[in-house]
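Student: Sequence:
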Amino acid sequence: MTDKIAIITGGSRGLGRNTAINLARRGMDIVFTYRANEKEAESLIREVETMGRKAAAFRLDTGVTRAFDAFVAEVRKTLESWGRDRFDYLVNNAGNSQHINIDKVTEEDFDAVVNVHFKGVFFLTQKLLPLINDGGRIVNISSGLTRVSLPGSSVYGAAKGAVEVLTRYLAKELGPRGITANAVAPGAIQTDFSGGMVRDNPEVNNMVASMTALGRAGVPDDIGPMIAALLSDDNRWVNGQRIEVSGGMAL
0 MTDKIAIITG GSRGLGRNTA INLARRGMDI VFTYRANEKE AESLIREVET MGRKAAAFRL
60 DTGVTRAFDA FVAEVRKTLE SWGRDRFDYL VNNAGNSQHI NIDKVTEEDF DAVVNVHFKG
120 VFFLTQKLLP LINDGGRIVN ISSGLTRVSL PGSSVYGAAK GAVEVLTRYL AKELGPRGIT
180 ANAVAPGAIQ TDFSGGMVRD NPEVNNMVAS MTALGRAGVP DDIGPMIAAL LSDDNRWVNG
240 QRIEVSGGMA L
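Numbering (numbering that gives the first Met the number 0), first residue to last: 0 to 250.
Incorrect hints may have been included.
Unchecked claim - No more than 27 Å apart at the CA atoms, straight line, and that leaves these computed lysine-lysine pairs for BS3-like: (1) K103 to K76; (2) K38 to K76; (3) K171 to K3; (4) K38 to K3; (5) K53 to K38; (6) K118 to K171; (7) K103 to K126; (8) K3 to K76; (9) K126 to K53; (10) K126 to K3.
Everything labelled a hint here was simulated from the structure, so no lab data went into it.
Just so you know, these numbers come straight off a predicted model, no measurement behind them.
Put together the whole structure using the sequences plus the hints.
Tutor: Right, dumping it as structure tokens:
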């Protein structure tokens, strides 16, 4: 995996940040996006650089497709400055959350989630396909909520379900280029996602733990190393799969 380059959306915090760190530890250079927090992005760049790897960050709202051409142009420039014209791995991780029952969801609510979790994933991947190396890999982050229904998560769960289907199509259509595509579906993880609901609310944390075979909520370091391992040559024959990483939730 040495001297490979990964692009991670939503890389400045949570699962994206942990994935970036674990890939850098394995000798990979990192390009990542962040939506708002420039300080977090800068701190990740410094952390990656302390491992002797290169890192570049770009502000991007992955729900705004009109911004993608400019982002891809910046990626091209970064690759050229690193002496490369292609990258190797794409991790579509950026996300937002929503907790609204179906009868209260507005079209604006719907678009806010679907534009990030499905439309953005679809078209950003499409825009980056000319830059990904043959033999590269794509990982799309899904959710345990495509398998287990939680009231208030209908739009989010449905959008992630669409991403899982898209993943299989990517695997099929990109197979001739030797590019694999898989979906990783985390269970409930203790991050600042959803306002830190799992991490900071003891009642929610305990509920998750009670539903999980291993008896606790997940943490970012349960996910990042798994994604890094999935991108390694050890898993080159895994393709078109949904892989749940949840400690055994709701079995």
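Student: Taking the hints in turn, state whether each one holds.
Tutor: Going down the list of hints, with the structure as the test:
1. K103 to K76: 44 Å, violated
2. K38 to K76: Since the Cα atoms of K38 and K76 sit roughly 23 Å apart, the hinted pair holds (cutoff 27 Å).
3. K171 to K3: Roughly 23 Å separates the two Cα atoms, so the pair holds.
4. K38 to K3: 26 Å, holds
5. K53 to K38: 17 Å, holds
6. K118 to K171: 19 Å, holds
7. K103 to K126: Since the Cα atoms of K103 and K126 sit roughly 34 Å apart, the hinted pair is violated (cutoff 27 Å).
8. K3 to K76: Holds - the C-alpha atoms of K76 and K3 are around 17 Å apart, at most 27 Å.
9. K126 to K53: Judged against 27 Å, a Cα distance of about 23 Å means the pair holds.
10. K126 to K3: 20 Å, holds
Violated hints, listed in ascending order, are 1, 7; each of the other numbered hints is respected by the structure.
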